[in-house]
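Under my numbering, the letters of the sequence shown match residues 122 to 449, in that order.
Any given hint could turn out to be false.
What the hints assert, rightly or not - List time: in silico DSS-like cross-link candidates among lysine-lysine, alpha-carbon distance up to 30 Å: (1) Lys303 to Lys402; (2) Lys431 to Lys402; (3) Lys431 to Lys303.
To be verified - If you anchor each label on the Cβ, the simulated ranges turn out as follows: (4) Gln216 to Val371: 17 to 23 Å; (5) Asp131 to Thr191: 27 to 33 Å; (6) Ser179 to Glu417: 45 to 51 Å; (7) Asp328 to Val377: 16 to 22 Å; (8) Asn269 to Arg136: 30 to 36 Å; (9) Lys142 to Asp398: 24 to 30 Å; (10) Asn422 to Arg316: 53 to 59 Å; (11) Ser425 to Pro181: 29 to 35 Å; (12) Pro150 to Ile381: 46 to 52 Å.
Keep in mind that the hints were calculated from the coordinates and are not lab data. Bear in mind that the values here come from a model prediction, so they are computed numbers and not experimental data. Glycine included, C-beta positions come from ideal geometry on N, C-alpha and C.
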Amino acid sequence: MNTFQALVLDKVNDRMNVEIKSLTMDDLPKGEVTIRVAYSSVNYKDGIVAINGSFVNSFPLVPGIDLSGTVIDSTDERYKTGDEVIVTSYQLGTQHFGGFSEVARVPSEWVVPLPKGLSLKEAMILGTAGLTAALSVEKLEMNGLEPNNGPVLVAGATGGVGSISVNILANKGYDVVASTGKSNEADYLKGLGARTVIHRDEIIDNDQRPIREEKWAAAIDPVGGKTLQYILSTLQYGGSVATCGLTGGVEVSTTVVPFISRSINWLGIDSVECPMDQRLKAWNRLGDDLKPTALEKDIVNEISLTELPKVLANILEGKVRGRTIVKL
Numbered sequence: 122m123n124t125f126q127a128l129v130l131d132k133v134n135d136r137m138n139v140e141i142k143s144l145t146m147d148d149l150p151k152g153e154v155t156i157r158v159a160y161s162s163v164n165y166k167d168g169i170v171a172i173n174g175s176f177v178n179s180f181p182l183v184p185g186i187d188l189s190g191t192v193i194d195s196t197d198e199r200y201k202t203g204d205e206v207i208v209t210s211y212q213l214g215t216q217h218f219g220g221f222s223e224v225a226r227v228p229s230e231w232v233v234p235l236p237k238g239l240s241l242k243e244a245m246i247l248g249t250a251g252l253t254a255a256l257s258v259e260k261l262e263m264n265g266l267e268p269n270n271g272p273v274l275v276a277g278a279t280g281g282v283g284s285i286s287v288n289i290l291a292n293k294g295y296d297v298v299a300s301t302g303k304s305n306e307a308d309y310l311k312g313l314g315a316r317t318v319i320h321r322d323e324i325i326d327n328d329q330r331p332i333r334e335e336k337w338a339a340a341i342d343p344v345g346g347k348t349l350q351y352i353l354s355t356l357q358y359g360g361s362v363a364t365c366g367l368t369g370g371v372e373v374s375t376t377v378v379p380f381i382s383r384s385i386n387w388l389g390i391d392s393v394e395c396p397m398d399q400r401l402k403a404w405n406r407l408g409d410d411l412k413p414t415a416l417e418k419d420i421v422n423e424i425s426l427t428e429l430p431k432v433l434a435n436i437l438e439g440k441v442r443g444r445t446i447v448k449l
C-alpha cells in the first residue's frame, strides 16, 4: 500500500480544518506496530479534538482515539503479521496519529490482542466507550454493588458509554434507571434493558442541597457538573457513583455531608492511562460476561470516512445516539 486515506486535522489561521487526504507510510509517526485499520469509532472526545483542537499539541494530526485492525508489520516479537488487535486511548488521536486512517503505526505497549468473543467490528462498537462502561461496572461491583441492592442510575444514557452501560447492567440483572434529555428515545433505552426512563432535568441539582431522599444503589455518570451533584445527594447508604465523563461540565459543588452521613463512594474512572493489566481484564470481560447483547442490533451506526466530519460536529451537539463506527 503506497498511499492510503486519512482524515487530517490542521490549524489554519487559528481555525481547525479537517479534510480527507492521501498519506504515505513516511507520514506516519514512529512506533513498533503498523496496523491495517478495519474500523474506528466516534467518541465525544474525538469531536472535541476535531472541532476545537483540544488536547492537541502539534499539527497536522490524524484524530481518532480508537482503532481495530490487522498487524501489517511489527518490530515487537509479541505481534505478528496478521494478528488482530485493538488500540484505544493513551495519546492515540490526540498527540499521536490515530484511528481515522486506513493505516496506523503505534507503540507496541498500547496494543491489546483482540479478545476471544469479539470481532474487529464489535470491538469498535465498544471502543473507548465500552472499555469505560466495563471499568465502571467492574469498579461499582468491587465496591459492593449487587443486583438486589436497588436501582442503578445511568446518566447520559443515549450516549456511547450510557447505552453500553444500560445494556451491560440490564443483562446482569440490575434494575436500570436511564436518564436522557431526549424524550423520544425511551423505547430505544427500554430496548437496551432500562426498566425506567426519566428526563435528565429530574436529576439536576438546581438548589445545591447537599443531601436528599435516598434513591440509587449506584450510578454511572458520564455527565458530571450539576447532574453529578444531584447523584451524590441521592445515593443510598453505602452507594457508589462511577464518574467517567464531563459532557455536563467539570465543576462540582458538594459537601462532606453525604460522604460521612451515608458512607457513599465517589469513584473515578480513567480509560486513557488505565494500566494494561486492568485494560486487558476489562477487554476480556467485554468479550465474555460483560458483552452487550444489543451491539449490532440497536447501538451502532456505521459510516464511511467521508461522512465522518459531519458526525464529529453532531456528537458535540448531542445529536448522536449510541455508537458510531467508521469502516475504513
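Consistency of the hints with the structure:
no., hint, verdict
1, Lys303 to Lys402, "violated (33 Å)"
2, Lys431 to Lys402, "violated (34 Å)"
3, Lys431 to Lys303, "holds (20 Å)"
4, Gln216 to Val371: 17 to 23 Å, "holds (21 Å)"
5, Asp131 to Thr191: 27 to 33 Å, "holds (28 Å)"
6, Ser179 to Glu417: 45 to 51 Å, "violated (37 Å)"
7, Asp328 to Val377: 16 to 22 Å, "holds (18 Å)"
8, Asn269 to Arg136: 30 to 36 Å, "violated (54 Å)"
9, Lys142 to Asp398: 24 to 30 Å, "violated (37 Å)"
10, Asn422 to Arg316: 53 to 59 Å, "violated (25 Å)"
11, Ser425 to Pro181: 29 to 35 Å, "violated (21 Å)"
12, Pro150 to Ile381: 46 to 52 Å, "holds (48 Å)"
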